[in-house]
Structures are given as C-alpha cells and as structure tokens.
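Colleague: Below, each chain spelled out in residue letters.
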Amino acid sequence: MRLAIPVAAGALLLTGCGSDDDEGGGGSGGGGGETYKIAYQGPLSGQNVALGENMQNGVQLAINEANENDEYDFTIEYVPADDQGAEGQATSAAQSAIDDQSVMAVVGPAFSGPTHVSAPLYGQAGLAAVSSSATDPALTEAGFPTFLRAVPNDNAQGKAMADFLAEQDGVNSVMVIDDVTPYGEGLADVAMEELANAGLEAQRESVPADTVDYGGAARTVTTAGVDALIYAGYYEALAPFATRLSESGFDGIGISGDGSNDDELINLAGGAVEDWYLTCPCTEATAEDATADFAERYQAEFNKAPGTYSAESYDVTSMIIQTIAELDGDVNRQSVYEALAGVEYEGLTKTFSFTETGEFNNEAIFLYQVQDGVRGYVGAVEELVGG
Amino acid sequence: MSLSDIWDVLVLGLVLGSLYAVIAIGYTLVYGVLQLLNFAHSEVFMAGGFGGVIALTIVEPVADPSGFQSVFYVLLGMCAGALLGGVIAFGLEKAAYKPLRRRNAPRLVFLITAIGASFFLYNLAGKLFGRYPLAMPSMYENKTVFTVFGTTVSVTQLLIVSAAVVMLAGVDQVVNRTKLGSGIRAVAQDPEVAALMGVNIDKVVSRTFVLGGLLGGVAGFLFGTNLQVEYTMGFLPGITAFAAAVLGGIGNVRGAVLGGLLLGVVEAFTVEIWSDAWRYVGAFAVLVLVLMFRPTGLLGERVGRTA
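For the record, the sequence lines run as chains B and L.
491 is the number of the first residue of the first sequence in the numbering used here; add one for each residue after it.
3 is the number of the first residue of the second sequence in the numbering used here; add one for each residue after it.
No wet-lab data here; the hints were simulated from the structure.
Some hints here could point you the wrong way.
[Stated by the list, open to error] Which residues of chain B face chain L? A partial, calculated answer using Cβ under 7 Å:
id	residue
1	524
2	539
3	656
4	657
5	661
6	691
7	697
8	701
9	702
10	705
11	707
12	730
13	758
14	761
15	764
All C-beta atoms, glycine included, are put in the ideal place defined by N, C-alpha and C.
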C-alpha cells in the first residue's frame with residue numbers, strides 16, 4: 491500500500507505529460523483544421539527491413555499527397571511503430587500507437603507473427619488495424635475485434651502455388667519447406683493441403699530462418715529428388731538456401747511467396763535464384779496501367795521503384811484518409827473502424843471491402859519470376875493456369 | 003543411410019565444425035588467461051565478416067577471376083577480416099575490461115560488461131553498415147574441387163577447412179612454442195607468480211585478446227563466404243562456439259578444436275537424421291550428456307596446464 495500512492499501519482503504525472511505532448515503535436519501540425527494521425531506498424535529495423543520500408547514509403551506517399559490536397563480540411567500526420575517484424579517487439583510497437591490518442595487507424599501490422607500479438611491490443615483500444623500484408627489465414631479466424639485484412643490470405647497464395655505447379659510439365663513430387671515462423675508455417679500448411687488436392691505428391695520439411703548452414707537442408711532437397719520446391723519464408727533466409735541448392739545441383743522448379751518477393755533476394759543470392767518463381771497477392775506497380783502513375787510519383791519521392799506491397803499500402807492509407815474525410819468531423823477511433831469495416835473503396839490495385847470477420851473480399855494472386863537477374867512480372871495466376 | 007550419405011554429412015559437419023573451432027579458440031584463450039567469459043567475442047566474429055565485405059567491395063572483384071586473382075581476393079578478405087577482428091578485440095579489452103581489472107571488479111561485473119559490449123557492438127554495426135544482410139562479393143567460382151568416396155567438396159568447403167587447419171595449428175604452436183605462449187600459459191596458471199617472474203600481465207592479456215580476435219575475424223569472413231554478412235550474424239555461431247569451447251574443456255586450446263568439430267558433426271547428423279528444426283536440440287543434448295559425465299569438458303580445463 492505504501493508504494494501505491496507514489497506509483498499512482500507517478501502514473502498520473504506521466505499520463506499528464508503524455509497528453510500535453512499530444513496536444514502540442516496536434517497544434518503544431520499546421521495546415522487546415524484538425525490533425526489526425528495514421529500509424530504504420532511493421533519492420534523498420536531488424537531483419538527483413540526492406541519489406542517494411544517498401545510499405546512505409548507507400549503509407550508516407552499517401553499521407554503527403556493528402557496533405558497537399560486542398561479538398562481535405564484536415565491534416566494527417568504519420569506515426570511509425572517499429573516492430574522489427576518480430577513478435578517480441580510487437581507489444582511495445584502497438585502500445586506506442588495506441589498511447590497516442592490522435593492515432594485514428596493503423597496500417598499493419600505488416601507480418602503475421604506480430605499481428606497475432608498486436609491485434610488483440612488494437613482490439614481493446616478500439617483502434618482499427620488494417621494490414622496490407624499479413625497473410626496468415628488464422629488471423630481473421632481468431633476474432634480480433636478491429637482487425638481488417640486488405641490482402642488475400644495464404645489460403646489463396648498456397649492454392650495459387652499448388653495450381654501453378656500442377657500445370658507445369660513433369661512436376662509430380664514437391665517438397666514444401668517452412669522457416670518455422672507463423673507466416674512460413676501457415677503458408678506451408680495450406681500449400682501441403684492444396685498440393686494434395688491438386689494430385690501432387692508432397693513432403694514437408696522445416697528449416698529455421700536463423701540456420702547457420704544451409705548445406706544440410708540443400709542435401710535433404712536434392713536427395714529427396716523432388717521436381718519442385720516451395721519455400722515458405724522470407725528472402726533473407728531463401729538467399730543463402732538457394733545458393734546452396736544451386737551448388738548442390740537442384741534443377742527443379744523453385745517457388746516462394748510474398749515474403750521473398752523483393753529485389754534484395756537477387757542482390758543476396760545472385761544467379762542462384764535465376765528462374766525462381768515468386769507468388770504475391772501484390773501487383774507490380776510499374777507493370778499495371780492503373781498504378782503506372784503511382785509508380786512515377788513514388789520514384790520521384792523516394793528515388794527508387796515501388797517494391798512489394800508499396801502500392802497496396804498506399805491504397806490502404808488513402809482508403810483510411812478518404813474514410814476520415816467522409817466522416818465529416820465525427821472522427822474517433824470507433825467511427826473510423828466502423829466506417830472502414832463497411833467500406834467499398836476503389837483503390838489503384840484493387841477494390842477493397844471486407845467480410846464480417848475482417849477477411850478480404852478478393853483472392854487474386856500474382857506471379858513473378860526471376861530472369862536474367864531481374865524480378866519480372868508474369869501476371870495473375872488465375873489467368874496463367876486457365877481459371 | 004548409405005556410406006556415401008555418411009561421407010556427405012560428415013563433410014558438411016566438418017566444415018561447420020571447423021568454423022566453430024576457430025571461433026571457440028577466442029573464447030577459450032581469454033577464459034584460460036582471465037577466467038572471463040567474453041561474450042562480446044561473437045561481435046568480433048561479426049566484425050570480421052564486415053571487414054571482408056568492405057575490403058572486397060572496395061577492390062571490386064572482377065567477374066570470372068583467374069586463379070591468381072581468386073587467391074588474392076580470398077587472402078585480402080581474410081586479412082581484412084583478421085584486421086578488423088583484431089582491432090575490435092584489442093579495443094574491447096582496452097575500453098571494457100582493462101578498467102575493470104584495474105579496480106579488481108568481481109567476476110559478475112566482467113560478465114555483464116561482456117554482454118553489454120556485445121549489445122553495443124552489434125547495434126553499432128547495425129547503425130554503421132545498415133540492417134540489410136550483405137552478400138560477400140563473389141571471389142571465385144564455387145565449383146567442385148575433388149570427390150572423396152563419392153562426396154563432392156566445393157571450393158568454399160575446402161577453403162574453410164584448410165584455413166581452419168592452418169590457423170588452429172598456428173595457434174597451437176604459438177601457445178606451446180613462443181614467448182607469448184609461455185606468457186599466456188604462465189598468466190593462466192598463476193597471474194601473481196607470473197607477475198613476480200617479470201611477465202607483463204597487461205601485455206599478455208592484450209595480446210591474447212588480439213590473437214583470439216584475429217582468428218575470430220577470419221572465421222567471420224569465412225562464415226560470410228558460406229552464408230551472408232549481417233549485424234546479427236554473431237549471436238548463434240558465437241553461442242554455439244562458446245558451447246563447443248565448454249564441451250572440449252574451456253581454457254583448453256585443443257579441447258576447443260575437438261569440441262567445435264564434434265558439435266559441427268553432431269549438428270550435421272541431427273539435420274540428416276531428423277530435420278533442420280532439430281539441429282540445436284541434438285547438438286545441445288550431446289553437450290549436456292558429455293558435461294554430465296565430464297563436467298570439465300572432454301579434455302579438462304586451463305591453458306596453463308594442458309595446452
């Protein structure tokens with residue numbers, strides 16, 4: 491008891507300071523009218539930071555453009571919440587966004603593992619979390635109150651991989667390797683199921699993402715003599731793995747998911763990932779007509795081409811901004827979430843709308859292939875395998 | 003498992019094991035002399051990887067290098083790795099441990115300082131070199147050099163094992179044959195008597211750190227050629243090599259070699275028989291089992307007595 495009073499007093503002081511800061515930040519936001527904040531939770535440091543920065547840039551571009559747009563009588567401020575893509579950092583990242591009372595919605599969390607940790611917290615705070623990239627199917631089944639997924643889940647991606655492989659000549663047996671992360675295991679589970687449905691022989695292995703030597707894993711693949719390999723994990727681990735695979739003479743089809751769909755994969759692995767296929771719920775912003783203009787603005791702003799999920803994150807952020815505008819001043823966390831849950835927003839990449847569980851109403855998966863050291867866009871899987 | 007499978011896996015295990023052995027020497031030397039668990043050694047190793055990458059990025063290896071050029075690149079990478087590893091180890095001793103030794107700080111303080119230094123160094127590397135993994139510039143075509151009992155040995159594998167053998171033999175000679183070696187052994191056995199006999203303890207300690215740092219740095223470079231280089235790369239190999247040092251008998255140079263090779267081979271066979279996800283389960287089960295029956299490790303402890 492003796493401690494309780496000073497602790498309570500301290501806590502009061504701290505929250506007092508916190509809200510002061512918030513008002514200060516809000517006031518200095520400038521522009522016209524109110525200032526609202528939109529947070530982005532994803533890896534802004536740590537491994538796989540490239541994926542996080544692609545999305546952050548998309549979010550930031552949408553916010554910058556909204557602030558320059560005279561149509562809106564409010565200002566949007568960007569709040570980064572770095573979770574390093576790791577479950578261990580997810581609580582503090584989410585909390586930093588929740589504690590800032592001016593944050594009206596969150597883009598993210600980016601990765602599935604941290605989403606499992608953060609989504610319940612956002613639910614408690616009544617703060618909408620719209621992920622443009624967390625694809626673990628279990629996320630929308632878990633009943634998180636304010637989680638919305640703006641991307642087809644891994645059920646769609648796993649099915650696309652299986653369908654694509656089933657269409658290829660000479661592919662009878664497939665090995666599925668996950669990286670022992672929630673993302674990798676979820677994707678691998680679905681892939682196994684869909685491969686069986688497609689009538690292919692499938693076997694499963696696990697190779698943790700922090701393995702110090704991929705020689706053993708490469709050996710497992712080559713001695714199994716499979717025709718194709720599905721790697722469910724991120725580019726950082728796939729790069730050395732693919733190098734070992736190519737050295738050990740693996741000549742089957744290699745295919746991986748959106749976690750590997752980044753140019754960093756080619757920078758790290760060089761020729762070893764030549765001919766590898768990559769599936770992604772994301773479109774190629776520079777290849778599609780609808781996003782070509784976006785790609786130019788992105789290039790001008792950040793001096794590089796948009797990457798995986800840049801355009802999708804831009805869309806999600808623009809959707810949130812437009813939702814705030816339509817609320818016409820009645821903006822709080824609750825009203826923003828409710829408006830988003832019932833939204834039908836025509837983005838650059840696709841139309842965004844959600845089911846009752848927060849699942850995305852769209853299942854298109856796109857295929858990329860590394861050729862001549864460049865990650866080339868092949869097109870929508872549905873069209874490639876003939877629907 | 004057929005005989006050729008066993009050879010395949012053995013080669014994989016020995017390659018990984020030689021890397022562990024070279025890193026483990028750094029732990030063992032410092033422990034032998036100071037009874038200090040230098041956890042920051044994993045960051046010395048990481049620095050070696052960056053040293054190699056930086057040097058090679060500066061010289062920009064040509065595509066399709068000739069044999070002579072390849073040898074030059076590899077030696078350059080090794081020297082740069084060793085240099086940066088040695089410099090970091092030297093600085094670490096001067097900045098973090100020497101002030102503590104001056105004040106006769108308790109053991110625990112050294113341990114916490116080591117952990118703190120480790121965090122400091124890897125976060126500093128993250129800041130300086132970025133959080134992206136870096137690929138080692140390609141220095142040679144990694145083709146098969148020879149086949150032994152049906153098992154192919156690649157250039158990288160041969161490079162790692164032969165570099166490790168040379169370094170390990172070299173350290174063994176330094177510790178047993180040179181003046182620095184007798185200093186190291188004398189300080190390890192009894193620092194006070196050694197000081198009375200005119201051994202400059204500070205110098206010996208400092209040089210021990212540098213020796214371990216040189217080896218750790220080269221190991222970091224070799225590791226980078228096998229995988230990739232990033233600021234977090236020190237942690238797992240560092241912890242495993244530390245375990246290897248304990249397995250062989252911490253403080254014992256030959257023990258570190260034995261422990262490193264053994265752990266590498268056990269890991270490789272665990273991966274082959276079960277799967278990659280069981281890698282450390284198998285390796286550390288062996289570690290616990292050995293220590294249950296031989297608490298001082300396979301070859302006993304102390305540089306001073308048995309090295």
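Colleague: Indicate, hint by hint, whether the structure satisfies it.
Modeller: The hints, checked one at a time:
1. 524: Hint violated; residue 524 of chain B Cβ to chain L Cβ min 35 Å, cut 7 Å.
2. 539: Where the cut-off is 7 Å and the nearest Cβ of chain L is about 5 Å from residue 539 of chain B, the hint holds.
3. 656: Hint violated; residue 656 of chain B Cβ to chain L Cβ min 26 Å, cut 7 Å.
4. 657: Hint on residue 657 of chain B: violated, closest Cβ of chain L at ~29 Å, above 7 Å.
5. 661: 23 Å, violated
6. 691: Nearest chain L Cβ about 18 Å off; hint violated.
7. 697: 4 Å, holds
8. 701: With Cβ-Cβ at 6 Å, under 7 Å, it holds.
9. 702: With a minimum Cβ separation of about 5 Å from chain L (threshold 7 Å), the hint on residue 702 of chain B holds.
10. 705: 4 Å, holds
11. 707: 5 Å, holds
12. 730: Since chain L brings a Cβ to about 5 Å from residue 730 of chain B, closer than 7 Å, the hint holds.
13. 758: 5 Å, holds
14. 761: Interface hint status for residue 761 of chain B: violated (9 Å vs cutoff 7 Å).
15. 764: For residue 764 of chain B, the interface hint is violated, since the closest Cβ of chain L sits about 14 Å away, which is over 7 Å.
Consistency note: the structure conflicts with the earlier hints numbered 1, 3, 4, 5, 6, 14 and 15.
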